[in-house]
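Peer 1: Residue numbers (our numbering), protein chains in the order written: chain A, 1 to 337; chain B, 1001 to 1327; chain C, 2001 to 2517; chain D, 3001 to 3306.
Please note that a few of the clues may not be correct.
Under the rule of at most 20 Å between Cα atoms (straight-line distance), these lysine to aspartate or glutamate pairs were calculated in the DMTMM-like manner [stated by the list, open to error]:
id : chain 1 : residue 1 : chain 2 : residue 2
1  : A       : Lys19     : C       : Asp2410
2  : D       : Lys3079   : A       : Asp167
3  : D       : Lys3118   : D       : Glu3148
Simulated from the structure, these hints should not be mistaken for lab results.
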Amino acid sequence: MSLATHQASTGRQIPDRLKTPLHRFLASWELLLLCVAVAVFILNSFASPYFLDPWNLSDATYNFTEKAMIAFAMALLIISGEIDLSVASIIALASTAMGFAVQLGAETPALILIGLGVGLLCGAFNGFLVTGLGLPSIVVTIGTMSLFRGISYIVLGDKAYTGYPSDFGFFGQGYVGWVITFELVLFAITAVLFAILLHRTNFGRAVFAIGNNPVGALFSGIRVTRVKFALFLLTGLMSGVAAICLTSRLGATRPSIAFGWELEVVTMVVLGGVSILGGSGSIPGVVIAAFVMGMVTFGFGLLNVPGIVMSIFIGLLLIAVIALPRIVRQILARRKA
Amino acid sequence: MIHSLIKSRETVLAAAILVLIGAIASRFPAFVAPSNLVNVFNDTAPLIILALGQMVVILTRCIDLSVAANLALTGMVVAMLNTIFPDLPVPLIMVIAIGLGSVMGLINGLLVWKLDIPPIVVTLGTMTIFRGIIFVISGGEWINAHEMSAAFKAFPREVVFGLPVLSWIAILVLIGFIVLIGRTALGRAFFAVGGNPHAAVYTGINVGLTQCAAYVISGALAGLTGYLWVARYAVAYVDIAGGFELEVVAACVIGGISIAGGIGSVGGALLGALFLGIVKNALPVVNISPFWQLAISGSAIIIAVAFNATSNRTKGRVILKKAEHAT
Amino acid sequence: MLANTHGIKDAHPQSARGSKPALSLTGISKSFPGVKALSEVSLELYPGEVTALVGENGAGKSTIVKILTGIYQPDEGEIVIDEKRVAFPTAQDAGRAGVTAIHQETVLFDDLSVAENIFIGHAPKTRFGLIDRRKMLIQAQNLLDRIGASIDPHVTLRDLGIANKHLVAIARALSIDASIVIMDEPTASLSHKEIEETYELVERLKAEGKAILFISHKFDEIFRIADRYTVFRDGQMVGAGRINEVSERELVKLMVGRSVDQVFPKRSPQLGKEVLKVAGYSHPTEFEDIGFALRSGEILGFYGLVGAGRSEFMQALFGVTRPSKGAIRIDDQIAVIRDPNEAIGHGIVYVPEDRGKQGAVKGLPIFQNISLPSLKETSRNGFLRLAEEFKLARDYTRRLDLRAAALDQDIGELSGGNQQKVVIAKWLATKPRVIILDEPTKGIDIGSKAAVHEFMAELAAEGLAVIMVSSEIPEILGMSDRVIVMREGRIAAEFEGAELTPEHLVRAAAGIVETHS
Amino acid sequence: EDKRIALVVKALGIGFFEAAAKGAEEAAKELGDVEIIYTGPTDTTAEGQIEVINALIAQKVDAIAISANDQDALVPALKKAMDRGITVISWDSGVAPEGRQLHLNPSSNPLIGNMIIKLAADHLPDGGDVAVLSASATATNQNIWIEEMNKVKDNYPGINVVATVYGDDLADKSYREAQGLMQTYPDLKAIIAPTSVGIVAAAQAVSDAEKAGQINVTGLGLPSEMAGHIESGASKSFAIWNPIDLGYSATMLAYNLATGKAEAAPGAEIEMGRMGKLELNDNNEGAMADPFVYDSSNINDFKDIF
Ligand SMILES: Nc1ncnc2c1ncn2[C@@H]1O[C@H](COP(=O)(O)OP(=O)(O)OP(=O)(O)O)[C@@H](O)[C@H]1O
Ligand SMILES: Nc1ncnc2c1ncn2[C@@H]1O[C@H](COP(=O)(O)OP(=O)(O)OP(=O)(O)O)[C@@H](O)[C@H]1O
Ligand SMILES: [Mg+2]
Ligand SMILES: [Mg+2]
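Okay, chain A solo, but in the shape it has when bound (with noise of 0.2 Å):
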């Protein structure tokens, strides 16, 4: 255009950038975590001499593994200003579904597509209320979590279903290759795809936008409504992928499985930096924050101590780990003043 050069010489000119990556990893959130995460290691493996041994941290990382990968979908949805406390109870659904398939003879392959589909339709279901009719997320979401659930408990009441096909337990048992399970190389190729998903392309920065201003992003061009469905189909799949690994893991589905995982998620999701406000977060925190809670519950299990005394210690460290830079900025300013 002939008038950018005009106009160019009076603009001023103003840096892309105040600060260099280097400066900002390391006023970040993720290297703070990371810094968490070396020093439970670190206590960890003072704690317990059972804790560095390679088949024990193979078998700790089934504790953060299928709550990870739909920490990963949930922190998209949080980020954009919405929340799916449903999860849980989509595994439920998604579970039931597969082990009734299994009555009716159904194969491995078949099996994971049930798990899938039911994932998917479930997360319709809340996309469609909250897009479509316009609900707060947060509520509709307590309500399909007991109707999920509850879809569960009508259909197999009292009973469980078992008798997986056996190629059936290589998602939840299965090894890759020595130590190295199935679950955890699923876990890393879904949080490589996650990170590249939101942090480098369109559709990730649309969420950027939407969470910090559904508004401005519509008057942007930013198909709202659409880019919130997906997220919720996205966090249904994830929760039927986890229903796969569990239900693999377990070999059998009642109407309980993953009672309470809701809230485990959401806070490895908020650990990970993902503010609950939408707008900001990382797929990289998610991960981190993923280990610090699989490696503090495991390190804590080796210890014998009660999972409600480890509850205490998730619950302060939540608290501790997103107060402490607070402090610490009050302090200098008060220091500056």
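Using the hints, position chains B, C and D with the ligands against chain A.
Peer 2: Here is chains B, C and D with the ligands on its own, set in the frame of chain A:
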């Protein structure tokens, strides 16, 4: 205009409740017997009290997920106190319960106010911490009916003018809230802070302090309910009222309290709690298989919220004269 | 309530000249991360006098207002009121010390009633310390009557238009018994009639002996109502004095550090072929039967009183809301626009009026705001290319003379005017064919305003079709080739060439029958 | 070196299991070279138990004795434990045969099923409506007992089982369910709660409704928790096996298997200290002892013990 809007929302909910009761009564007349309705109300009283506390928190754009854990911890503490000092008078126990609940509310409030940590994170954290503390102080042991003093257990059950004390307490709290919300500066500040926190600063309202006050109120009520709960069910253990926080939030939202803050009413919270309470009480009466209960309450929440949202869609401004007359 | 005896006794407006300042600021500094918003500025306000504070966007005007009302704390410096040094930890402290303000943004509560909005924080109380609702409503009604606003105090604020909300903000400011009244661009979102009423109000406050700080980018009003002026440039105080001792040119020069041509750009419109034709566009409740044609290179003005439905219509054209009837033709092809994305696809873009909500995505950096609607161009196969985004942002921010610390700075940290520049830049970057500008210079300083006008002219010259919604008559007259006047959701009149006079516009906008006032 | 035996329970904090842990400690003291690890998840889920089991495998404990939250879902984890050379037995609430070496039933299931309905019938000479308040719908042992009860209910003419409801082993939910039963069935004469949580809550609901004496709450409960209700008359009698004995026996069995002193096989008889011998059936299951009935005549002797 806002009054008529809120009124209409409440009327819709009240009508839904009446229809629900009517439908149940048509097949199970015993359900609407006064004695049973008293029972249902009494059963719902803890939910009403907690929903009112939760309401002020939600009004200020916060959320308190720690209410049930607060309730359980306070309940455990007063139950343990009762076993150690069986002669402690009930009023003193209630003061202790309210005080302890307030302190826990204050912890939430200070974390939100002074450290600016998002409310859902704070209360998610304190929820697990409070539960854990119960385990630590009780060693995981239960405190059972026979370990509690008779006076301790009797108070909430005492019937006064045909209603148990538990119900009367809920009614008193309700009246207190009508005054607090409608007629005090603090009550209006809850709306201001939630409606537009940015603007609240400009009007000199201390946003953090107001939110903190909301948490203290919610905590105090959770503490009070903690004693009532433990005394009524005559048992205290780590998991009492587990998951109740979601029910409390659901009651608020069904009652039309906007999760985005700034919108809501005492009547709404009451009706939301009653709605859930009636559904819960009616299911076993209507003899629906226990396996259906979860799905039905889930659907009820979704339908109520969807209904509420459509009946409450803001019409916005109307420019055309013609349209103005038409509506 | 306003005419407190205190004010009348202490200050004699006639003899105010040379009297002691009611308020004086000295050596005030304030820094934000990366920006020094104010450095050692001083300012004095006198009872019974209006001091105009002028300066470019981002000069620090609103910052000083916020310091004076307890919203920000200064890093250094002192505030003296009635010869006493004071500090305002909260907004209520400022109110108690007799300082009240109408802020630049309307900071009110959508879900509370008008009366509550006016009195929140200092509502009248009954004997028992409870809020006296009846008294509150009566006092609110009185205040609204005083400023000539016909607003029902029972109504929920959400149901009011932007202009009426602003009037409520004014009423609120007056509900505080203050000796110092600050007005930060009070007329920016008001239309002709309300602006006149605001001027009358200022006169009355003056007569009551109040010291008034008046911030504005509109020079005609500054010269009309101010007694003194103070100029800020880049966070520093660069001049002050009596208004009758300075000329408009000098003031502008002080502000921008150079002289600026204030006349609207000369244009010789080269109208091309018709790009947009709207026929019978209707909405169930907001507008009806809107039809017009727009040619490339043309600037079409939309004038009307606030609330006439212009923005509502423009948003329908942009696909935010759906019309109930009507059709759009682009390049003589029927076009269906169901959402903004499709509008952008058709080359129609909209610079919204409500910058904070609809324009800027606060929380995202400047460069990402600019690239947001152009992501299809800057990305490859859906993958981001940051270098392209920065390039786009550099090009367009430079063209609009943006003031910012860096392109990766959060847009929310910019001053209002600079945010508007980013929003305009983001739309220009999509290389649109039709650009709709809704109050494009609202709250923009004079230098930038001229730049925006010049820009519009150049865009039109390049063959863009421009629709400009404006409530400022000089701007509408100075820029438009043709003007459509809207009234109550309908087209009331259309003017062109010699018919384009202020009288015509005002009469058409007001509806001839109602011109008795 | 000490043998480390893990006693894994459904959830920590339940009185019944705390008592079992006491029994395990008693066995450890008797054996001398045993260290007991008493552990379990926070709430009664299979996933929680799996995490605990993984941690125990990692510590290379010698034996795991588990009361399972889910008879199937724990199988893969327990199999892994056995693959790594850990002795696995289940007690109280069982695991499917492929996931454990043997299962110790507190008592024989038919005996319990018969016992709970007999307790109700004994106080209803003229017959009447009775209802069942169970734990969660997924609890293995409760379901088996109710099934066994239904098989023999025709032996008690006049006793009419009108409903089965679930209190999920939550005091408040059980309380509400009991209330619901009283409302739905005005002629209800007895509530059978084969769960220690449910029976207390039901008894409380009955006394709150001032129906103590009209409705008899019975089933399986702990003397310490039921003492008050026996006194008030809300419950005339109830049964339980001694959880201390159960923990003791489980520990003894696990020890004997882990040290190779015995082998789990159909028909085998395995020593369990003072509790005698466990006889295994074709499923490698055995019953410890008969349930014992508590009423106002003997409750005071036991209420301070467990
Ligand atoms: N909260 C904040 N954080 C960071 N920077 C800020 C903040 N508020 C203001 N600033 C910066 O301070 C400077 C002064 O802003 P201010 O709003 O006072 O300008 P102004 O003179 O009122 O401009 P306008 O005429 O556009 O309203 C600007 O550079 C702005 O970017
Ligand atoms: N009830 C309302 N509350 C808040 N904002 C509203 C309301 N109604 C409309 N608005 C917004 O206010 C602006 C006014 O739009 P409208 O088209 O009605 O008037 P207009 O002729 O553009 O007048 P002006 O823009 O000068 O106020 C629009 O941006 C619209 O979204
Ligand atoms: Mg400003
Ligand atoms: Mg407009």
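Peer 1: Now tell me if each hint is right for this structure.
Peer 2: Evaluated hints:
Our distance criterion of 20 Å between C-alpha atoms is met by A:Lys19 and C:Asp2410, whose separation comes to about 13 Å. Taking the CA atoms of D:Lys3079 and A:Asp167, the gap is about 17 Å. The hint holds against a cut of 20 Å. A threshold of 20 Å between alpha carbons decides the hint, and for D:Lys3118 with D:Glu3148 the separation of about 12 Å falls inside it, so the pair holds.
Violated hints for the displayed structure: none, as all numbered hints are satisfied.
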